[in-house]
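> Now for the letters of each chain:
6 protein chains.
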Amino acid sequence: MRQIDARESPRFAQISTFARLPLTQDLSDVKAAFFGIPFDDGTTYRTGPRFGPSSIRQGSRLLRKYNPFADVEPFEQLNACDWGDVNTVPGYIEDTFTVIKRDMKSVASKTIPFTAGGDHSIALPILRAMNEVHGKVNLVHLDSHYDFWDNYWGKKYTHGTWLRRAREEGLLNEVIQVGIRASIYGKEDIEDSKKLGIIYYTTNTTKSETDSIIRHVNSLKGKTYVSLDIDVVDPAFAPGTGTPEVGGLSSFEIMDLVRKFDLNVVGMEVVEVSPPYDLSELTSMLAANLLYEGMSTLAKRMERK
Amino acid sequence: MRQIDARESPRFAQISTFARLPLTQDLSDVKAAFFGIPFDDGTTYRTGPRFGPSSIRQGSRLLRKYNPFADVEPFEQLNACDWGDVNTVPGYIEDTFTVIKRDMKSVASKTIPFTAGGDHSIALPILRAMNEVHGKVNLVHLDSHYDFWDNYWGKKYTHGTWLRRAREEGLLNEVIQVGIRASIYGKEDIEDSKKLGIIYYTTNTTKSETDSIIRHVNSLKGKTYVSLDIDVVDPAFAPGTGTPEVGGLSSFEIMDLVRKFDLNVVGMEVVEVSPPYDLSELTSMLAANLLYEGMSTLAKRMERK
Amino acid sequence: MRQIDARESPRFAQISTFARLPLTQDLSDVKAAFFGIPFDDGTTYRTGPRFGPSSIRQGSRLLRKYNPFADVEPFEQLNACDWGDVNTVPGYIEDTFTVIKRDMKSVASKTIPFTAGGDHSIALPILRAMNEVHGKVNLVHLDSHYDFWDNYWGKKYTHGTWLRRAREEGLLNEVIQVGIRASIYGKEDIEDSKKLGIIYYTTNTTKSETDSIIRHVNSLKGKTYVSLDIDVVDPAFAPGTGTPEVGGLSSFEIMDLVRKFDLNVVGMEVVEVSPPYDLSELTSMLAANLLYEGMSTLAKRMERK
Amino acid sequence: MRQIDARESPRFAQISTFARLPLTQDLSDVKAAFFGIPFDDGTTYRTGPRFGPSSIRQGSRLLRKYNPFADVEPFEQLNACDWGDVNTVPGYIEDTFTVIKRDMKSVASKTIPFTAGGDHSIALPILRAMNEVHGKVNLVHLDSHYDFWDNYWGKKYTHGTWLRRAREEGLLNEVIQVGIRASIYGKEDIEDSKKLGIIYYTTNTTKSETDSIIRHVNSLKGKTYVSLDIDVVDPAFAPGTGTPEVGGLSSFEIMDLVRKFDLNVVGMEVVEVSPPYDLSELTSMLAANLLYEGMSTLAKRMERK
Amino acid sequence: MRQIDARESPRFAQISTFARLPLTQDLSDVKAAFFGIPFDDGTTYRTGPRFGPSSIRQGSRLLRKYNPFADVEPFEQLNACDWGDVNTVPGYIEDTFTVIKRDMKSVASKTIPFTAGGDHSIALPILRAMNEVHGKVNLVHLDSHYDFWDNYWGKKYTHGTWLRRAREEGLLNEVIQVGIRASIYGKEDIEDSKKLGIIYYTTNTTKSETDSIIRHVNSLKGKTYVSLDIDVVDPAFAPGTGTPEVGGLSSFEIMDLVRKFDLNVVGMEVVEVSPPYDLSELTSMLAANLLYEGMSTLAKRMERK
Amino acid sequence: MRQIDARESPRFAQISTFARLPLTQDLSDVKAAFFGIPFDDGTTYRTGPRFGPSSIRQGSRLLRKYNPFADVEPFEQLNACDWGDVNTVPGYIEDTFTVIKRDMKSVASKTIPFTAGGDHSIALPILRAMNEVHGKVNLVHLDSHYDFWDNYWGKKYTHGTWLRRAREEGLLNEVIQVGIRASIYGKEDIEDSKKLGIIYYTTNTTKSETDSIIRHVNSLKGKTYVSLDIDVVDPAFAPGTGTPEVGGLSSFEIMDLVRKFDLNVVGMEVVEVSPPYDLSELTSMLAANLLYEGMSTLAKRMERK
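Residue numbers (the working numbering), protein chains in the order written: chain A, 5 to 309; chain B, 5 to 309; chain C, 5 to 309; chain D, 5 to 309; chain E, 5 to 309; chain F, 5 to 309.
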């Protein structure tokens with residue numbers, strides 16, 4: 005599909021869809037769709053990600069059609085569109101999961117969704133949908149946190165527990181975590197995750213051994229889902245987020261990582277963008293660019309075949 | 005047309021059109037259309053109003069369908085829509101005027117436009133279009149400034165000179181100014197405007213003699229255009245604007261004024277909303293509510309007939 | 005109990021409890037306690053009130069011990085303290101209601117709680133607790149919204165439906181609403197509320213007939229609960245809130261109203277303070293002052309007896 | 005002297021002096037001079053007023069030469085200039101007082117200073133200078149606070165104690181306070197001030213009996229100094245201040261008061277503007293306008309003679 | 005010339021000229037002058053750079069006289085001053101170009117201008133002036149964008165087309181671009197630029213091959229102009245800009261680059277600083293420091309001769 | 005002592021002490037105590053650090069008990085607490101020094117203080133207290149500035165002169181400065197510092213020779229105090245500070261440095277956090293994390309013995 009061209013209609017004019025692409029739920033021939041999940045009741049600290057999709061759309065107004073790094077025109081090659089948002093149910097995380105899974109299943113069976121969250125809890129219903137459509141998938145998880153805790157205040161579903169649930173529910177094949185650095189509640193948190201076959205790279209390792217991590221990631225066999233929590237990036241580059249951890253990746257580093265992915269990707273999400281804590285749409289712009297790079301690697305890979 | 009209902013789809017979800025109304029340029033049967041003019045090259049101090057339409061749409065997400073003050077459902081009664089934005093030409097104020105006039109003429113010949121600016125210079129091409137469609141119109145001008153200067157830096161077209169131009173070009177019948185209070189360049193500024201038959205009420209008078217001003221305004225015979233510069237309001241209520249003047253109306257007072265208008269209105273504009281200087285969409289929300297009240301008075305008047 | 009004195013320890017020093025009062029859950033001899041409910045999953049638009057109690061404590065650091073308007077020293081006369089916060093359960097509104105009701109019942113049976121929300125949904129479990137401790141109570145409800153909708157997205161519990169629930173559950177005697185002005189979903193919204201015996205005053209009436217409203221409120225017989233949604237105030241005075249409605253009361257007007265209350269009050273709440281949207285703690289300061297005035301009217305009334 | 009004309013050089017261009025007036029310390033023939041005192045070590049809560057003069061200059065860029073309310077051109081009639089700033093001594097309040105008094109004495113012996121603070125503690129050395137130049141003066145003090153406390157943390161000099169010191173040092177004749185409303189440390193605070201012959205009007209009285217207060221103020225015989233603490237205004241209109249008190253005057257009301265002053269004024273100050281807490285120069289603009297109105301009343305009075 | 009010394013007059017006191025240098029248009033013996041061009045009608049997305057010069061002056065208040073990296077005292081060695089600002093013509097980009105060229109020609113014929121923009125469109129009239137004074141010059145262009153598009157909305161002059169115009173007008177010798185990374189409208193954009201002999205280094209190359217790029221730049225023969233668009237830096241370091249591109253240089257990296265330049269420089273500009281989008285003058289401070297480093301390399305080079 | 009567990013009581017609930025640790029001045033068995041010094045009268049540019057301790061406590065709410073980098077549980081191993089704040093004396097830097105020294109001496113004789121400033125001038129009374137408790141100590145000083153100037157405006161005590169004073173008073177053994185980069189008043193500034201045996205590493209060296217600097221620091225014999233000025237970090241990562249210098253360390257780099265320290269530490273401070281200039285508590289979070297890492301290295305070292 006065709007973006008509105010900024011040389012004809014100024015970027016600050018007209019309705020904001022993702023990258024100024026058409027808004028449609030007709031996904032025939034669409035190979036990639038922007039998919040919004042405005043939700044933040046899974047957050048354990050600051051809220052705000054319910055405005056993530058809306059703000060990422062605003063932050064995407066500068067994206068131009070040709071990506072010189074990937075040498076592709078992702079929107080045209082993928083016939084990409086903006087699908088709109090899931091109608092979430094504030095206050096009711098489990099009901100919201102039902103709606104997300106339903107909509108995502110419908111979308112993922114027709115195209116490859118590029119999701120803008122929402123807090124990270126949405127990954128669970130997304131992975132449930134992926135599982136129903138594709139069977140078990142690999143997970144590439146970029147985050148400063150393990151998200152592998154058992155529960156918060158006795159509740160199984162939060163943005164810090166989805167990965168353990170996904171593992172327990174048998175939705176996943178291999179899991180690789182990249183960028184981990186947050187303090188945790190105890191040594192056993194790491195051991196639990198190791199026992200369940202999850203491999204992680206800390207932020208330090210991610211910075212010093214980037215190439216080898218990329219090789220590991222790209223060696224994954226089979227369908228793979230990419231979950232990117234914006235707090236994997238340092239809060240200087242992504243201040244608009246709810247549980248920031250200092251000492252993270254730069255925006256250059258995260259862009260570089262995502263650009264080098266070469267995966268059989270069945271979906272990608274950028275979550276935890278919290279506009280009320282952002283500055284001048286900085287974080288939303290980064291999220292928009294990361295989805296753009298994700299689409300670009302897909303376009304490149306498709307082109308190659 | 006039908007708004008997206010906030011009880012079904014949360015206000016923070018989906019694309020932001022004005023009041024979550026359908027986006028369309030098909031104006032058959034449409035009695036009122038939101039019309040965006042993102043432009044700010046006419047500003048003499050702070051810029052920003054090019055983001056006015058986009059931000060007013062965001063600020064309109066809380067508007068509900070029934071207005072208890074007017075006892076109308078303006079959107080349904082007027083079959084209202086969001087027309088989209090004019091594609092302005094940054095850097096070229098006169099070329100932009102050409103485009104605005106063209107688009108406005110097309111719209112105003114079919115429906116009643118409720119325009120979101122843009123800086124106040126856009127009033128000139130709008131009035132030119134009104135003149136071509138309706139002949140001379142009256143002007144109700146709410147503002148803290150006279151906007152009647154002859155020129156700035158030798159140029160005839162700015163947000164401070166449009167009214168003198170409109171007068172000179174013979175576009176207007178009666179002109180009533182409400183809320184004037186800014187310091188000026190000389191006593192002759194007022195005298196010039198008086199000579200040309202412009203009647204003004206200061207902010208002080210507007211506050212102390214509201215009812216009599218309303219009566220004066222509502223006594224206007226014939227087609228009338230309403231131009232509301234958001235800086236008529238005190239900057240505490242509308243910080244997001246470019247040439248603020250302290251000591252203005254409260255948002256309660258401006259809402260009260262607009263609610264009491266009973267005019268043969270051919271169009272209304274809210275201009276000079278400058279989102280970069282705003283706080284938490286305060287000014288954009290006020291602008292959205294003023295357009296809503298404008299539509300409501302129109303719906304009420306139509307109903308009465 | 006004794007505040008930390010700002011003439012001995014600067015206001016910017018030491019831990020922030022409400023008004024720098026002692027933090028304790030021992031309520032023997034305590035006649036008024038600050039009670040925090042950090043929660044925002046009942047919000048239908050912007051979140052943020054989970055930081056309300058924390059921010060209102062910061063905003064209370066300027067409160068001095070003697071209130072010249074009421075001619076009382078509320079903290080000393082009431083032996084006031086800061087009780088701390090309820091441990092809410094993000095993502096689970098109904099579980100949170102259980103915890104709030106339990107804690108509130110325990111507190112309300114010993115002292116008079118002055119609650120800092122939290123979004124307005126918390127009023128329901130509070131009123132349930134009040135009902136168990138005191139039986140049916142009257143409600144004085146200051147708000148820009150009716151909060152009387154039946155449901156949002158099919159759910160019974162949100163910050164817009166608590167009042168209908170409280171009515172249905174038979175928790176309330178007389179209900180007086182003050183400051184109402186928001187647009188609504190239909191005419192029937194008002195009629196429903198009237199049928200259930202709820203009396204409301206619009207913002208316009210509140211401004212023009214203040215004294216008569218005060219008389220009406222003060223004529224209430226029996227135990228009365230005061231629920232103040234900060235959005236009854238104009239967003240210029242209270243920008244930090246989630247569903248702002250322009251054209252509201254000034255901070256002078258709301259302070260004046262609350263100062264004139266003379267009620268057999270069993271509790272008071274200030275809700276919907278959303279710090280991420282605030283400026284320089286403006287809204288939190290106003291909320292802190294309103295709780296201070298509430299305590300002062302209580303102290304004055306106690307003194308009189 | 006002559007302002008830079010905004011119709012020739014845009015307001016956003018060139019160096020910011022007060023109202024774009026010449027910067028000079030040659031005061032021969034100058035009847036009014038802007039005088040900056042960047043200092044904030046007298047603050048007991050938030051700092052920031054050291055950036056007051058700089059920010060008020062920025063906020064003055066919209067002032068035009070003719071004031072229609074007063075029907076004067078204050079800058080030309082008074083041959084006004086910007087004197088520059090006192091070189092204060094951070095960390096050393098008493099040394100700073102020495103420097104302020106020295107510079108103020110030099111200025112006040114030649115012209116009428118319109119001072120931009122700085123925190124309110126600067127009023128003490130200013131009044132000492134006034135006393136040396138003019139003998140005892142009357143004081144019109146607009147503020148939300150009494151500023152009459154004896155000491156903070158055992159220290160005699162803060163922004164809350166200057167008035168008691170000035171009284172004790174015998175610098176003042178009559179003192180009228182307008183706009184008082186803050187909570188205080190005890191009933192004796194008021195009684196002390198009454199004993200010392202200070203008359204005060206609360207914010208409530210100021211709003212309801214404006215005309216009679218104006219008459220009282222204008223009845224003052226002899227030389228009079230006007231001290232305006234920006235926190236007399238409600239923080240919605242002046243968020244950029246250090247010890248805000250909700251429920252204050254609007255900017256319309258304070259402008260109205262100052263415009264009606266008709267005094268034998270020997271100087272005026274606007275203090276407690278704290279730019280780090282401001283929004284879009286709102287508070288600085290108000291301060292600039294208040295100094296402009298002060299100069300205008302002076303020009304009008306001079307004209308009359 | 006001599007800066008005001010921060011050890012004598014605090015940095016927050018007195019009028020803000022660049023680096024607190026004297027303001028003068030007498031350029032005899034002046035070897036470097038700060039030159040402000042407040043203009044933003046060439047912007048295609050966010051406006052704001054009209055406040056660039058004013059804000060960069062504020063951000064320059066921390067610059068001290070001795071630069072330990074370069075081991076020079078640039079202001080004294082160059083006898084530097086602040087020339088003031090060009091009086092631009094908002095709304096009329098081509099008229100503004102005329103004024104800029106006229107003023108720049110006058111300045112560049114006497115001294116070396118260090119320009120604070122303004123949006124990037126100003127580079128065109130500057131290069132026209134350079135051409136008239138110096139003949140063809142080389143261009144070192146640091147930017148995230150090519151700025152080589154043919155037109156926007158049919159117009160030849162914007163901040164995205166100046167370089168193509170300068171090439172077409174034959175103003176330039178060699179052109180080296182550093183830091184390029186933005187997405188573009190098509191592959192042909194790059195090819196066009198290559199055809200016209202423009203050499204570019206992407207952000208990736210700039211980071212990995214810094215030394216070789218520096219050598220290339222420093223090998224330029226003849227007079228050279230340096231144009232630095234602040235968006236070459238990552239928006240985390242320079243949030244105050246209009247068309248930010250994530251994944252850029254850090255402020256350490258850009259400072260390092262500029263410090264290593266050893267060029268026969270005839271002028272330098274830092275453009276696209278947009279204060280309304282900035283945080284705590286972060287971007288303005290960086291711009292001020294870059295101009296300071298530019299002056300320092302000039303002083304060092306002069307010293308060496 | 006035991007933190008409040010975020011899995012039981014949400015992070016946004018309850019009173020904010022450092023890392024949600026108990027507030028107590030009973031230091032028996034306490035091996036590390038958070039110690040707040042809210043003070044900013046030593047600042048020479050922007051103020052604000054008087055809110056440092058309060059904001060760093062807010063920013064510490066995300067710290068979890070186990071530090072995977074150090075493989076320790078610092079709070080439990082050190083039995084850490086929050087001591088509260090010193091009651092400073094605004095306006096009187098020398099009186100404040102007396103109070104700081106008294107309180108610090110009392111604390112340092114019982115435990116190891118981890119201080120949150122406050123501006124950097126507080127280091128002088130802290131070092132005086134250290135000297136009385138421990139005799140001469142080494143100093144590891146991380147900063148962008150030398151802080152070795154003789155005086156500002158004739159005064160010996162500011163945040164830019166404390167190190168020279170400490171040297172002159174004979175409080176220190178070896179001094180190593182890390183991260184220096186600011187422009188200075190003259191070449192002699194460096195020479196003076198060298199003469200007095202102070203060794204410094206610039207930011208450039210710190211980045212390129214990290215390991216060798218760490219070895220140098222860790223080779224210090226005897227008791228050592230660590231003073232970390234947050235402006236050693238680039239303002240992108242720490243915008244909330246008063247005299248920022250661009251081109252600094254990233255938060256990753258400063259965390260990495262502090263994590264590698266292996267010192268006989270007698271105290272650590274993080275100073276110059278200025279919340280009014282911060283964004284979303286970014287700087288406060290970084291400061292909280294740095295204190296956490298400091299405690300962790302202490303816990304690790306203690307464990308080893």
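By construction, these hints were calculated from the structure, which means they are not laboratory data.
Here the structure is a predicted model, which is why all the values come from computation and not from measurement.
Heads up, some of the hints might be wrong.
Put simply, identical chains are the same to the list, so a pair is met inside one copy or across any two.
[Claimed, not checked] Computed list of lysine-lysine pairs in BS3-like fashion (alpha-carbon distance at most 27 Å, straight line):
| id | residue 1 | residue 2 |
| --- | --- | --- |
| 1 | Lys114 | Lys191 |
| 2 | Lys198 | Lys69 |
| 3 | Lys227 | Lys35 |
| 4 | Lys304 | Lys211 |
| 5 | Lys69 | Lys159 |
| 6 | Lys198 | Lys140 |
| 7 | Lys159 | Lys109 |
| 8 | Lys264 | Lys211 |
| 9 | Lys191 | Lys304 |
| 10 | Lys198 | Lys211 |
| 11 | Lys191 | Lys264 |
| 12 | Lys225 | Lys304 |
> Are the hints correct? Go through all of them and say.
To see whether the hints hold, each was checked on the structure:
In the homo-oligomer, the alpha carbons of Lys114 and Lys191 never lie at most 27 Å apart, since the shortest distance is 42 Å inside one protomer and 30 Å across protomers. For a Cα distance limit of 27 Å, the shortest separation of Lys198 from Lys69 across copies, 20 Å, qualifies, whereas the shortest one inside one copy, 42 Å, does not. Within a single copy, Lys227 and Lys35 get their C-alpha atoms as close as 16 Å, which meets the 27 Å cut-off; across copies the closest is 52 Å, which misses it. Taking identical chains as interchangeable, the C-alpha atoms of Lys304 and Lys211 lie at most 27 Å apart whether they share a chain (25 Å) or sit on different chains (25 Å).
Taking CA atoms no more than 27 Å apart as the test, Lys69 paired with Lys159 passes between copies only; the shortest distance there is 21 Å, against 44 Å inside one copy. When the C-alpha separation of Lys198 and Lys140 is checked against a cutoff of 27 Å, the pair qualifies only within one copy, where the shortest distance is 19 Å, while the shortest distance between copies is 48 Å. Within a single copy, Lys159 and Lys109 get their C-alpha atoms as close as 25 Å, and across copies as close as 24 Å, so both meet the 27 Å cut-off. Within a single copy, Lys264 and Lys211 get their C-alpha atoms as close as 14 Å, and across copies as close as 17 Å, so both meet the 27 Å cut-off.
When the C-alpha separation of Lys191 and Lys304 is checked against a cutoff of 27 Å, the pair qualifies only between copies, where the shortest distance is 15 Å, while the shortest distance within a copy is 41 Å. For the homomeric pair Lys198 and Lys211, the shortest alpha-carbon distance inside one copy (21 Å) is at most 27 Å, but the shortest distance between copies (34 Å) is not. For the homomeric pair Lys191 and Lys264, the shortest alpha-carbon distance between copies (20 Å) is at most 27 Å, but the shortest distance inside one copy (32 Å) is not. When the C-alpha separation of Lys225 and Lys304 is checked against a cutoff of 27 Å, the pair qualifies only within one copy, where the shortest distance is 18 Å, while the shortest distance between copies is 41 Å.
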